[in-house]
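Asks: From first to last, the protein sequence lines are chains U and G.
Numbering follows the UniProt record's numbering, in which position 16 of the first sequence is assigned residue number 16; successive positions increment by one, without gaps.
Numbering follows the UniProt record's numbering, in which position 312 of the second sequence is assigned residue number 312; successive positions increment by one, without gaps.
Honestly, I wouldn't trust all of these hints.
Said to hold, decoys possible - Partner residues are not named here, just some residues of chain G that face chain U (Cβ under 8 Å, in silico):
1) ASN7
2) THR288
3) THR308
4) SER377
These are computed hints drawn from the structure, not numbers from a lab.
We put the beta carbon where it would ideally sit given N, CA and C, even for glycine.
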Amino acid sequence: MIKTDHLSKYYSSHSHHEVRAIRDITLEITKNSFVTFKGPSGSGKTTLLNVIGTLDRPTEGKVFMYDEDITSFSDIALSRLRREKIGFIFQDFHLIPRLTSWENVSYPLIPLGVDPKKRFERARLLLERVELGDRLDHIPEELSGGQQQRVAIARALVNDPEIIIADEPTSNIDEETGEHMLKLLTELKNNGATILVATHDARFEKVADRVFKLKNGRIE
Amino acid sequence: MIHKHINLFLLATENLLRHRTKTVVVCLCIIAILSPFITAIAISEGIRAQSLVSVKEGADLYIIFDEFGRNAAIPLKYLDEIKKIFGVTKAIPRIIGRGFLQNKLAVIVGINKEDIPKSITCISGRIFENANEVVVGHELKEHFKLQIGDQFSMRGQQRKNFTVVGIFSSDSSIWGSSMILMSFNDAGELFGKQGVATDIQIHSLPGHNSEIATDLYDILQNEPYRLQDKQMIQLYFKKGFMLKEGIFTALYTVAFALGIPAILVASGFGLSERKREIGIMKATGWNTLEVLELISFEQLLISLLGATIAIVLSILWVKLFNGAFIAQFFIAEIPMLAKFTLPARFLPLPCLLSFFFAFILTMVGSIYSSWKASTESPVISMK
Ligand SMILES: Nc1ncnc2c1ncn2[C@@H]1O[C@H](COP(=O)(O)OP(=O)(O)OP(=O)(O)O)[C@@H](O)[C@H]1O
Ligand SMILES: [Mg+2]
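Kindly generate the complete structure, drawing on both the sequences and the hints.
Replies: Quick look at the structure:
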């Protein structure tokens, strides 16, 4: 389903000191599995998920998805892949500040030609699923960190993705909501999705089919 | 897939409302640049049209005498001979001169009543019938509070008393605004010259001008005469006009040079926010074409809005303020607020061009940065 082949990402910083965020990572994730990535801060979790999730291009190596080399995909093809297959939950939410919860959640549906009524219905359903049914018309700055996190989760699910990539989805929410979040992801997995999560949360390891440990940009 | 475009269009509208300050600033810049431009074009078109109409309705040939580079009097003794030339349908002697009504410069036109062109309408009262009756221009009427029936005296070569019997309305041509129209004989008396004209207008049958010119040479060969035809007069008009347009253009270019960067800066407002937004859109499945379509719709709407307001303002400017500050460039020596209705024509082409111009400017200000943000990796744009 997802394969990486000697994947590396280097950042050249201002001080001419090259940061090797991930190095030589080769791994395989099978369809409909639940995998987690753990490791200390700065070990490269976010970088790896971004590269796998097509949000960033690797410096070296390749990523295969559905047996296709997506590192060679054009900009338009990558957009299409994200639109049809991938749902991404960012570590720092990345909501659009001026839009309400429901508008943020349904934003990806606009270029699909879905009419506003249906967009609202879809967003409402998803927001109720993350227990934000009473915050449909709030803009991000009127929401707590955890609530923003949940809006981001709802948005990631709006296209019924087969691959869900979550970067520390529970880092901003309390234990109880975290539990709920875990349940939601397992549910999605049971419905056929493939789940990739970067997390320090030990609870995820219990349900994970596989745990990758990252250290200094390498898989241990 | 039309729904997609409708959605993007609606979203563009919402975005303009959401970023109200930016929308207003960009609109103001567009208006500031376009309004004077549209007004100037409209006035210039209006004056041009009016001048050309008056030339077109005018005579086919003009005879003037030229001595020492100035116009000289034409003795009327030639008039009968000229009238007899084959092809000449009408020969109209006129006296056109300048005189002061107290301290105000007036253009005095003396012409026989039966020779008055039919295009001279817009008169309240009537055309002169008897000696010492005159029709005065709107500007003079305003300045001296003249009314029909009023009498005034004027000094040319000798003092003469006149009675106002008609007034050109403010809608009549610009040239009529400071005109005093009187009979040929009265003008002759006023200037103290009988039996002469300042020019003779000749109306002719089509295609006879060159033969008429040959015959005129036979009649006038010992006189310092000059013959002008319609094309030449038209050319004169256009030349003088283009010069004035040139002055306006030069001044306007300066304003332009300041306005364009303003638009560019304003349409680039909130660029970093925009960039993040585009990154998020890309990360959640939008493609570059859709992003650019949205941005283009926004620019289209804002330039339509700006250009429309600019056109409306220009129309108001002309209608309510008579093109104040702009008309001066085209008609020399008129006071700040012209006392006559400016001829103005709002043609579709300049309006359309203005809109395109605004569109291109706002696009230049936004499309490149949007395209860059969109083709960058989403992670980088979202930063
Ligand atoms: N844009 C960048 N420019 C330079 N260096 C970067 C950039 N992004 C990340 N890095 C570096 O790459 C390394 C890996 O970062 P990454 O964000 O992937 O770590 P992480 O495992 O997600 O950490 P955390 O648990 O704190 O989220 C870090 O050393 C970081 O400083
Ligand atoms: Mg991280």
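Asks: Next step is simple, just say for each hint if it's right about the structure.
Replies: Against the structure, the hints come out as follows:
no. : hint   : result
1   : ASN7   : holds (5 Å)
2   : THR288 : holds (6 Å)
3   : THR308 : violated (26 Å)
4   : SER377 : holds (5 Å)
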